[in-house]
Every structure is written in C-alpha cells, then in structure tokens.
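Here the structure of chain H is known, so what remains is to put chains R, B, F and C in place on it, guided by the hints.
The residues making up each chain are set out below.
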Amino acid sequence: MNHSVLGFFPYADRLLGAAARLKQAGYRNITIFSPIPIVHEVDHVLGEKKNPIKFFTFFGSLTGFFFGTTLAFGTAALYILPRFGKPVWSVTPTVVIAYETTILLGVFATLVSFLFFARLPYYKKRVYDIKIGVDRFGLLVRAEEEKLRYVEEVLKEAGAEEVKRIYED
Amino acid sequence: MSNISYREVNDDVVRTMTETGRSYYIALSLCLVGIVITFGLPWVYQIYTGQGVTGLHSPAYWGVYLTNFVFWIGISHSGTLLSAILFITQTPWRRSIYRSAEAMTFFSVVTAATMVFVHMGRPWNWYWTFPYPNQRELWTNFKSPLMFDVFAIGTYATASFIFLYFGSIPDLAAVRDRVAGWRKSLYGALALGWRGTDREWDLLQKAYTFFAVFIIPLAVSVHSIVSWDFASSKIPGLNKTIFAPYFVIGAIYSGSAGIVTLMILLRKAIKFEKYITHVHFDKLGILLVVMSLLWTYVNITEVFTGWYTGTSYELESLSYRMFTTPFAYLFWLMIACNTFFPLLFVFRKVRVSIVAALLISIGINIGMWIERYLIISTSLPRKFLPNMWRDYFPSWVEISLTVGTFLFFTLLFLLFVKLWPSFSIYEIKEDIGIPMEKKGH
Amino acid sequence: MAGFLDRLLERFKIYREPGYYKRYDYWWAMVVDLDRCTGCGACVTACQAENNTPVVGEEESGKGRVLNWMRIERYVEGEYPDVKVKFIPVFCAHCDKAPCEVACPVYATYHNQDGLNVQVYNRCVGTFTCATYCPYDVRRFNWFTYKDKGSFESPLDEQLNPDVTVRTMGVMEKCTFCIQRIVAAKDRAKDENRKVRDGEVIPACVQSCPSKALTFGDLNDPNSQVSKLAGLPAEPYYLRESGSKLAKISKNPRAYRLLEDLNAAPTIIYLKRVMKGSSTIGHE
Amino acid sequence: MKRFLLYLTVAIITFTIGYNINLIYFSDRAPEQPINFSHKVHAADNSIPCLYCHIYADKSTISGVPSVQKCMGCHKIIKTDSPEIQKVVSYWEKKEPIPWIKVYNLPDYVYFSHKRHVKASVPCQRCHGDVAKMDRITRQTVIFGVPFLRVSPLKMGWCLDCHKNGAKEFIGGPVRNGTDCWTCHK
Amino acid sequence: MLNRRDFLRVVGIGSAGAAAGFALAELNAPNPARLIPYLIPPEDIIPGVANWYASVCRQCGAGCGIVVKVMEGRAKKIEGNPIHPISKGGLCARGQAGLQVLYNPGRIKNPLRRIGERGKGEFQEITWEEGLTILSKNLKELRDRGEGDGLYLLTSPISGHLKLLLKNFMNAYGSSKYFAYELINYENLRFANNITFGQNSLPHYDIENTNLLLSFGADFLTTWISPVNYSYAYGHMRQGRPGLRGKVIQVEPRLSLTGANADEWVAVKPGTEGLLALAIAYEIVEGGYYKGEDRGKWLAALERFTPRDVAKVTEVAEERIIGIAREFSKTKPSLAIGGENVSSYENGVSNLVAINILNYLAGNNIGISGGIIPNRDIEKSSFIPVNSLMQDASKGKIKTLILYDTNPVFTTPGAVKVEGQLKNIPLIVSLSSFMDETTLLSDLILPTHTYLEDWGDNFTEPSVGYPVATIMQPAVNPVFNTKSVGDIFIHLARNLAGVFQKEIPWTDFGAYLQASWKMVYNKHKDMKEIRETTFEEFWNNLLSKGGWWKEESQAGKKVYISVNKITPYLPKGPASFDGDDKDYPFYLTLYPHSSYMDGRGANLPWLQELPDAMTSVVWGTWIEMNPERATTMGIKEGDVIEVESPFGKIYAPVCLYAGQRPDTISIPIGQGHKFYGKYAEGRGANPLDLLPFKVDERTGAVSHNSTKVKITKTNSPGRLVKMAGWTKELGRDIVQTITPEEFQVKEG
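The listed protein sequences derive, respectively, from chains H, R, B, F and C.
For the first sequence, position 76 matches number 76 in the working numbering, and the numbering has no gaps at all.
Numbering-wise, the working numbering comes out as the position in the second sequence, counting from 1, plus 1000.
Numbering-wise, the working numbering comes out as the position in the third sequence, counting from 1, plus 2000.
Numbering-wise, the working numbering comes out as the position in the fourth sequence, counting from 1, plus 3000.
Numbering-wise, the working numbering comes out as the position in the fifth sequence, counting from 1, plus 4000.
Isolated chain H, as found in the complex:
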C-alpha cells in the first residue's frame, strides 16, 4: 500500500537538498510543489524531464498548414468563381491563410498536449495545500508505508516546517 509524506519548506534550497537526498536514496515518486517556477533547479536535482509537447506542436502546426492549404485550394475548386484574372488556385493568398492556420492549430495542439500531459483540468480532490499558492514549497514523496519514516526524517532534517503523512484510501 502506498502512502505519501508531505513536507513544507520556507526556502527552496532546503527543499531541493531534501529532494536530492531522497532521490539518492532511491525514491522515485517525488513531487515538488512551489509557488513559483523553479524548473531549472528542480531539473538539476531530479534530472531533466522529457518534453513531449514539442512533437504535438510540430504536428499541430503541420496539420494547420495542410488544413489551411486544403481549405483555400479546396473551397476554391469546389465552387469556381474566377476573379481578378487570378487562377482558381492562387498561391499567394493560400500561403497567408496557411500561415495563420499553421499558427492556430499549432497553438491548439500545444494547448491540448499541455493539458493532457499536465493532467489538467482535474477537479477532484488531490494532495494540495493552500500555503503552496503563497510562499511555501512542498515536497511530496509517495512510497510504501514502511519507507515513509525515513522520508519524514530527511524532511525534518532538511528543515521542513511541517511534515504530515497522507493516507490514501
């Protein structure tokens, strides 16, 4: 049965120190809560994470480009109304449209992939404390119950203000 320990830190370096120690000790399931992005520092401690978003962005943009092109060319071919001595398939305007749709679908893909990977939106109850939104850093470690004692120790040593255990149902 897995349970978690949550510790609150007033300072980021202490938290990071604790995290580093736990990591070394072989704890994998470490989550760091922070009121501000400390991505670099966390990466330093916990190792850099993969960035899956960029592929989505890329393919989203590519889809957007083809969507725009198809829209402009296709609708022109569906209903032919010649204009301005221009061919039915006119390249320049299509490029403009495709440019915009590239960006639009790129943005959408980024948005969707972000939400997907960040598991948002999520409205059910999760481990959280409102202090995190203000000025406290949190360290959540999830492990088998017997290993949690060590975690608590580490956290306290590192200078956590408060350490609590969270039992899951």
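Check each hint, because a few of them may be wrong.
[What the hints assert, rightly or not] Straight-line alpha carbon distances no greater than 35 Å define the calculated DSBU-like cross-link-like pairs of lysine-lysine that follow: (1) B/Lys2212 x C/Lys4247; (2) B/Lys2245 x R/Lys1234; (3) F/Lys3094 x C/Lys4069; (4) R/Lys1234 x H/Lys125; (5) C/Lys4109 x F/Lys3094.
By construction, these hints were calculated from the structure, which means they are not laboratory data.
Then chains R, B, F and C, alone, in the frame of chain H:
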C-alpha cells in the same frame, strides 16, 4: 523590490479583486451607461436605418469605423508581442506589467472586432465571412485581404487569449485558494485544478515558450494583413509596399504608448506603485523613443515613396493630406505628437516623470489614431477620377460609436481588473527572487 | 489510379489558368466614341429607368450618394475664353482583372463566363471593400432601403422593372451591362439553338444614346461591331495579359482604355475625342 | 440565481428550436385556397396535362394561373351543381379574378424561368411534387394529416443539386453555367 | 444535479418556450402572396414577357418616335423607336422620364371643382359626369347669351388631329379664340424663314451631312427644336462618314453643351451675334466668295458691317471673323444656324435673318444636302403673344378660358402678372394632368391622360426632309380617373348637341383618329409609298411601325433672296437691353434647362437627379458665373447671390463656370415652381421673375435675353448640390484626345 514578501504579493493582488470601492462601481456604471448611449443606441439606429447615417459616401466608402478598427488592432499589438519578446529574452522588468498588457491585447482585438461588424452594411449576415459547409455550396474568397483578416484576427484573438489564460493559471489557483463564495467556484473552475507541482510548472513553461514563439510572427502577420486591406488596393495613398512595416511599427508604437498610459492609470487606481516603478517607465520610455524614431523613419519613407512616384494620383493625395485644410492641421499635429514630443523621452527626467509620460503617451495614441484616420480619409476621397472627389467627415453616429469603443475597452478592462489577477503573482514573486537560505546559487 | 492522377493534373492545369479567359462564352464589351458623345445624359436616365435605381433626393445627392450606375464626367480645361469641356461617360468597366473581385470576402462579386464582372446582391454583406478598390468609382451602395424611404412612391413603383431586383439596405450594386437583357437574349438564342447575334443585346444606355456614341457587343467575335470599332485582331485575348496597352494592338488610332496603366484591363474601350490643342497620343 | 439562469437558458434554447421548427417544417404548409380546387381530380382523375391550364409555362418565366374564363370553359357544362364550382361561377359573374394563394414563393432576387425548365423536359412533378395526388396544393408530404418534410424546399442548395447532378437525367450532364450566380439571381 | 421538481419545471419552461417560439414564427410568417389570374386572358399578352407599343414622345415638341415596354399592363420603359426617322432609336433623358409623367404621384386623380377662394388650392373631387356637365352648361349659357367668342382655348403648340378636333370644336361653337402658347418657341425662326426663304415653317437643318456647322447660340444637342435628331446628326457628322469629319463653330456668350462639343467657341458679346453674322457675310461678299450677279448690291447693303467695325462691338477679333468667313465659304457644304439664344434678344428676328443670309451668301446652302432643306408650308401659326391674351382678360373679353397642357403663370415673365389678369375671367377650366401654377387658379380641373395613355398623332415640324407622321397609342390603361383631352371635347360636343353632331359625330377620340387616318389613307392610297391594300392593314402597320413617313429627300429646291426685300430686316446694331450699363453691369442669359425645358420636367425625380450636363448641379437653380469675375467680386462657389433686374429679383447659389463671359451671367429656366408636385415645389428660383413684359410684336415670342442685371452677395440660405467634385483633369489622361490633323493622318 526584494523587500516585498511573497504573502504581500498575494494579498495585494487578491485585494484588487475582492475589495471594491465606490468609485469602481461608479466608473463601471458610467461605462455601462455610456456604452448604451454612445454605442448601443446609435448602432441599433444604424442597423435599423442603414449605413446612410454615417458620413460615408461614394467614393469615401471607408471612414472612421475602419480607422477605429486599425487603431484598436494596433493597440493590441504591443501587449502580447512585447510580452512574448521579453519573455523569450528573459527580460526581468516585463514581469509586473505583462499581464495587463496581454489583457489589453485581447480586449483591443475584441474592440476592433466590434468595429468590423459596425462597419458592415448587413451585419446580420456576418457568418457568411466564415468558411463553413453550407447548402449554398458557397465558400469564402480566400483571395480577399478581408478573408486574411478574418483568419489573422481570429487566430490572434484566440492565441492571445490562450496566452493570457495560460500565464494566469497559477495565479488563478492562488486566488482560488484565497477567496470564498461564488468566486471560489469560478476560480476553482478557471484554475483547472492547478497545484504547482514541478511537472505542471515544467510543462507550463515549455508550452508557454511555444506560445510566445507563435505569438511573435502572428502579431507581425496580423498587422501586415491589416495593412494589406489597404495596400492591395490600387488607391493612391494606400497602394504602397511600405505599408506592412509601416503598420506593424505603428502598431507596436501605439501599443507601447497604450501600455504606458494604461500602466500609469492602473498603478494609480489600484495603488500598485511598489510593483510598477520608475524602472518600468524608464525602460518603456526608451522603447517609445526607439519606436518613435522608427515610426518617423517609415512615415518619411511612406511620404517619400508617394512623392517619388511623381504621378498626379499620389501627389494629389499627399498634398491633400499634408497641405490642405483641415487635414493639414491633423497631419502636423500627428507629426508633433508622434515624432517630436516622444523625443523628450531621451531625458531620463521626463522618462521617470509620471505626468510627462502620461501626457506624451496619450499624445502618441492621439497621433496614431490621426495617422489611421488620415490614411483612410485622405486617400479615398482623392481617388483616380477627380470628378468623384468629395471630402469625407464623420457623422455624429460615427463619432459617437468611436467614443463608444473607448468606453467598451474601458469596461472590459474594468471587469478584468476586478475578475482576473491583473498582475502576475508568480512572476512578481520570481522578480523578488526564489527564497533561499543561502544567497546565490 | 493513373487516371485519377491524370485527371488531377488536368484539373490543376485548368485551375492554374488565370481567369479562365479563353473559355468564356462571350466577352461583352462596350466601345464609347468620345467624339460622338455629347454629354447629354440620356444614358444616365435610361440606366436609372432600366435598373430600378432609386432617386435619393437633394439631401443625399449633396452627400455624394446618388445611385446612378453610370455618370458623365466633365472636365473643364483652360481659362476663359479658351475653355475646353470634355465629357466622358463612366460605367463599370467590367475589368478582366477587376480589383473589386479580389476584395470581396464572400464572393458577392466575381467574373462570370461572359466576361462580366457581376455583383450578386443577395450575397453582399456590405464591407465596402469592392467599392474602395474600384479605381473608377462606379460602385454604388444602398445606404438605406430606398423603397421604404419613398423613392418609389406609389404609383412610381409601377414602373419598376420586374427583371431587375430592387435592392435593399446594405448592398453594393453597380452597372451590370444590363445583364437581364443578356440573359433574355441568351434565352432567345437557346430557343433557336444558336449563339447570340451581334447587336442582339443592347443595354439601356446604348439603346438610348441619341448620338450613337455607345456600341455594345462581343469581343470574342471578330466580326462584331465592337471588335471592328476597337480595331482589335481576331484573337484579342492578349489584351488581358498584364501590361498590354490597347494602343499597341489596336488598329484604331483612337482606341484607349481609361486609366490603363493601373492594369485592371477594363473592357470598356474609349475612342479618343478629336479636339484641337494638345494631343494625348502615345503617352507612355 | 443558478436555477434562474438554467431556466432562462432552457427557455431560450427551446424557444429557438420551436421557432425554427415552425420556420423549417411548418411555414410552407398548404394554405386554404379561396376555392377548394383539387389537382387530384383534374390532373389524375381526368388526366388533364399541366400545360392545358398553366399555359405560359413553356413561353414565359411564369407558368401562369388559368384564367377564370378557362375554368368556365369546362365548368359551364361539367359539374355545375357542385358548390365549389358555384363559387367559380360567382367569381365569373362578378367579373372578379379568383385570389389564389401562392404556394411556391421565390424571393425577389431569384430569377427562375419555367420556360427553360419545361423546354429541357423537366417534368413539373420534379419540383412541384406529385400534384396529381394532392387535393390541396402543398410543398410537403402529408403523413396522417401532418405536413412533414418539404417536397421542394426552394432553397439554393436544392436548386444547385439539380443543376449539378439531377440535370443529367434531362440534358445528359450538368447545366451549362448552371452554377453561375447570375443564372438564377438577378 | 436535478431533482424531480426541477426536472418538471425545466420541462414545463422548455415546452412553453418552444410553443412561444413556434407562435412567434407563426406571427412573423409573411402574408401569403396572391396569384391573381386574368378573368379573360388577353390574346397578345404573355405574363412575364414584355410587349412593345410604338408611340410618340410628348415631352417636347420634337415628336420623337418611341416604343413603350409594357409588362402585365404596366409601362416599364420607354425607348426610342429604332425605325423612326426622328429619333432613330435614341431618346433623350426627358423622353426616358416620360414614365414618371405617367406614374407621377403628383398627378390629379379625379376631376376637381374649386370650393375655396381662387388660388387657395381648395378643391372638391367630383365625378366626370358632374365636371363635364358644369362645363357644358356654362358653354351652353355662354352661347345662348351670344357671347360665343368669349370662349378662349389656350393650349401648347400641338399638332396632328387633336389640333384639328379642337379647331373644329371651336369653329362649331362659334369662337375663333383658339391659341397656343409656349415659352420656348420658334416663332421668330419661322418668321425669319418666311422673310428669307418665303416659307413659314421650320426647315430641316441637315447637320448630318454638313462639313462646317456655324451655330449662333443654337443649343441643338439639348433643347433646341429636335435635340435627339440633331444629336444623331451630330454623331453622324463627326464620326459617321469615314474620312470626313464635320467641324462645329459655336458662337455664344455662354458655352452651352453644344458649345462644349464644338471645335471652336466664339465668346461673342451678347446681342451682337447678328452683327457678327453680317460681318462674316460682308467678308464673304467682299472677299469674292459670293459669285452672284447682285454682289454689288449686297456689298452696299452690308457695308456698315465690316469685320473691323464689328470686331469692336462684338469683342471678336477681326482676324477671327475673316478666318471664319473664309472657312465658312470654302468648306462645302456648310451650314449656319441661329438658335434660341440669338432669337430671344429684342432683335431676334433680325439676327436670324442675318444668319439665314449667311447661308445664302456662302454658296447658297439652301436646298442642298448638308444645308438647309425647307419643309412644306404649314398652316398659319395660332401662336399668341401672351400679353394680348392678358389684355383680353383684363378687358373682360374672356368669359371662359380652357387651358390644356400649358402653364402660362409659370412660363411667362414675372412682369406679366398673369395671376392677376386671370382674376377677371369668370370660369377657368384646366385640362391638365398635374396641379401646376395655372391649374391651381382654375375653377374646374378635368384631369387628362398623359401621352402614354392616350390616342393621338403628331406631324413633325421640322421633319427630316420629308413628312413624318407619328401615331400615339395608349400603351397602358389609365392609371387614374382621367380622360383623353379629345374625349373631353367630343363629350362636350355631345352635351352641347346641335351643330356639333354634324361636325363631331364620333364616340371617342380613338375612333375619331382612326376615321381621320382613313381619310388620309383614302386620299393617298394611290401613292407608291403606300403598299397596304386595305385600310385595316394600313392602320395595323401604322400602329406597329409607330407612324408613317415617306423616305425621300426634298433637296434641290433653290431659293433666291433679294437684297432690297431683305435689307429692312437686317439688325440695325447690337440688341438693346433693359437696364442701363452702370447700374446693371451684367447681361442675363436665360436658357431652358436641359432636363426641365421650360419647367415642365421639374416634377420628375429622375430629371431632378440627372446632373446638369455642364455644371453637374442637381435639384436646384444655380447662377453660372465666370470664376475670375467672381473672384474679383469676392464671390465663391455656392454663395447665394441676389440677382436684381429693373423688374424683379431672385436668389440662387453661384456656380463658377469658365465657359461664361465675364460680363454675363446665365440662369437656367425650369425651377422655382410654387405648385407642381412635391419634387418640384419650392425648389430653386424662377429666373423669369427677372424679365420685363417684352415680346416681339410680330411673332409673340418672349425676348428673355434682353435684360441686364446686377448681383450682390447675400447670406441667404441656399444650397448648391453639385455632383462633380473637381473639374480639372490634372494630367491624368482621362479624356484622351487627338488633334484633327493627327486624326486625318491616321484615318487616311
């Protein structure tokens, strides 16, 4: 700024959202009433009666409505664009101003969009301008610059809203944690269940970077496309290749001035002097000087390209704009506002003087509005066949709706200030610095 | 699969053909002999009678909102007593490269198979862009629903031409070369299984012109009245190529097109007025 | 507050639905004509060809309603005792035309020529439905006395469909220039 | 989320909403359109397909043949009759606007009887029976009292069988007082032609084939005599003959539309045109271009008019006079015409005689193709100087005045005070379609058909070298409760009975017309031009063709002008003007507006909105002024100025126009109606208010150009609505030109 505590930041921002003075409500209701009077009623009158209530005529088919459209699109430019550029370049002073600037972007795009519908002769058929499958098998004409506009502005509005919203999620979560009642459920829903985990932060930063990267070319393309509405015509005074950079630079210029104006007012109104300091105005002042010089250069180039054609078409259009009353007054007022006064920002004293900055930035915005007005209303009445020349002046409906757009924008902004964390809590905190026991890395 | 690809390629070729020029059934065009035109304005009223264009009244006229689809422009040159007055009737030139067509976002204006630049009133949303882009200022806008404003006060409405719709507020309109007459002539021709004859279609303005300054016909037909007057060779397509000056290919020394250097390729061909004083021949 | 909003939303949505249901399905129902004329009796039972009465259909854009004289031409002798025929007679005697109600209404900006379609041997039933089965002229199929989906919606897509695909039946291919706007608009 | 109660509520609200929506759609549903069948289908009408009826245009006296497009019984368009020799398929703006005469909202819809004071405009609708009874009772009483001669009939100069009918009626009634009046008339020209050519008619000016046209103030492209025909001729003269291009020289103080189209403009001083003509004539004779035996006599007669002397008076350079003279006599054929402008000076007849002489001396341009082709004599004109009618009125001689198609209250000079004179007439009957100024003063108004609803015919004067008769047939059923004017008189005749029964036995005017044409047919049926074997065939052809004409030229008849006979009629000097030069520094040139003519077209909105050809002004009166002169006086375009003559004053805005002599101002006639439907009322000013009571005693024509005026800038409200924004071309090559020389080279 480092002497401010994190908690204070949270308190200050939440305070702006929860504590509401009487003057706010007065301003809000004045805005609402003003919109109904200056915007709603005249527009209903115009829809009911026809576009004949405007001062438009043949051949001046474009007038103040399009001026407003271009102006608001221009205003929209700086917010997001600056925010994105400064984000990518990791400029620290961005952090306390960018949220409002992005909101300004979104709201002015919305304001500009209303002008499109006001401008249309049959606004109830607005959906015909969108490509959607229909039984008539009629699609839109993608060769039309207006269609580019539909796409560009649509994309821009969407993207800048997403940009604005994404940047705000952690703050919305922070606000969610502090409020009660209906606000709780509202911000609970808006915050999407944000917890501030390292994973969330990581993905947010990465996604945000992509948005920022997208926003920059998008913003440039939007205003170039708006300029193509004019430049792809054959009309003397409009048909110029310089128009795209001219408009983009003008847009950034007016947008930056708009930020300055707005920041000064906002800072005063919600007492945020400690977050928006002289540093910001110092930097923005330098930006304005740069933009002013750039704008002046393109403006001179624009006039020069017209003059250099040597055709009677361009020359008449130019002389009508520059030397014929009443447009000459406007033209030279514009030059004064946009070229000369901003040069005062060269002096640091002026830059950090709030009053001077306010006056000059408002002046720039007036000047930029005049620029758009002149482009439209001095080119169309001086087209190719002199027999059709006829001056254009706006009618009361047009003037009233123009005032209405400003009220509309103000209303949106007032609501924004109350309903949205108008300053980025977490980024101000970033500005303050990560709390470390040992200083330095 | 190969057949599909071939078809696609063929399509592509067609779709890349600028403006479909060579596939037009007719190429309606008008020749205006400025030496015959007296500037009397009969055509203007004839147009108004034929096409249900409303009378807008003094107030609106003063604002420059008359809805006449055509107008006579007058240019007064010189000082007393060496005054020269020149007239030119200006209508929609049905440009082959019409700037207005590219402007409309909803395809309310386009080029049809007769070489006409046509306006579909019920599709118009009123963005004004076509009128703004038009170098000849020939597009007119329905600022109001003039029918409701009393422009066709009973019994004046009895006169309204049933072949032409009465436009409502917010719609752009312009000269159609009296397309209802073209439609009627084509209808007749179809009954008799033939092409429309030269001179069978006469727009209202051409019909009324007392001095016979206007001629209307098919430029695709080398024997038509307009082709002869314009002095065009049998295959006049390259008139539509960019940069083509009429003066270079026409056998008629008087032929020119209005604002030709704008490269809108108008299909209204003017014949220069013979007049003492400076000549504007060969102005390049 | 929340509840009120819910009610309001529901009301607005259903209002729109109701409005549109009427507009789409019920607006063209068969109006009651001044005389209870039956196409069934004339076109089916007595197999009178359409053009016998609608004499202008192959000559003009409009097909034409038969003149009162035309009605009287037959009904001087036939079924003179029927009350509906008595109405015709009374119109004839009053020298008044019969104010029929138009069922197939086209907007002012549409140009439609009966002549062209009749000459292309498009049967009248193609657009007007099987009038020979209708006692009262209608644009809808009637199921259990309830007017249902339209026989001919008179919408642009419907016209276009025939101009592009349906026309093959009659002229062996799509209508030449059949999708040009000014073929049907004016 | 939803409990049962809520659910039920939602369902209830939902169904109520749907029902409300359904009901609203039901209420909003458009009223079903009606299909109204014919009672009896007309044989020749297919609904949706237009019928064309040939007829004649009555918007001016030119008599153009028209065809009227009629759909479902309503006139939709008027076009020129392509086979008609006058209009040749063309039609002017006035002719096009004929539809608005027919469908004018201002038409009188029912017969009216005056109930209030005269001129107050209070009328009561009556039936036709009542109206005609009132009139016939009055006429009967009048005749019974032996005052038959007290019946006056005043019409416009009409021609054809209607005129004959009216004449017959008046004769049968026993009155000789049938007169015609029109402001813009050609009586002076007829008179001058009678003196010179011995023919009291308007000749055919063969502009079509001439090579040099010297026009003295004849605005033949807009208003003068037969503008549509002359426009066709003009076009043909310019570009209709390969290799040949006729030249036009226009002599007039104000550059008219014709002047604008001419190659040269001679801005002559007002009133001296006749002298200029004589100077040219002198030069022709003196230079030996005139080769007749009586050269010496001519020289003697013209010796006062040497170019040198005349140059001083006319302000035209001597060399120019000589140049014109040489060109005029060398070019063959050449033609000189004198127009409205010249004939309406106080010495109008003399000017026209001088111009006619010019034609004679420059190689006898009379009777040749490209010159003047005289018509047959027409019957003596019944034209009346309106002042003599007024004298009769003030003396109480007029007991009953019937007016038809004429509006003397508006079209007479202000000083005549027609309004006051008419007070003495016991009964004024107006046969008019519109409530105009004169009709308003009448006691009984019998509304007439317009020409599109009526029968009639027109014998064109001047025709085109051969007789042209055009038939007028009702193209549409009457729009209002009106009657044909012929029918009114036939009805009156029936009511009066007696001698009329014999003279006027017809039932209606159509029958009368057909009977008259039967007589014409019977008389001429042996002619080779008439191929029809029966009258029915002839009549049907007449109606379908629109008229009857025999296409042959009458050229070839030469005339001889004797010096002695002509000398007394030559102009003695410049025309005299009312108002001395010091107080009234400006000559006043009035000209009929190109659209409204003498004001009759002012109630037609199309014409009101048709930009004036020269100034592009719409919906109002304007005063044309030389820009330089205006600048020196501090007057800008659009300023309202007061124009004052010794006889009256008017206010109107200024329109600057470079084609205007600095010492002259010009005002178009036609606006300034007090009553004439809502499109004309209270619009602009009537410049006739400035004029004295001055007519040519011999002909009765009003001299409307013989007044001088002064102008003052005022601040009165007034508005100049101009369509043209800018009149300078700015080197944009909009109207491109080539010179005649280049044209000759390229053509050759």
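(request) Go through the numbered hints given earlier and state which of them the structure violates, listing their numbers in rising order. (result) 4
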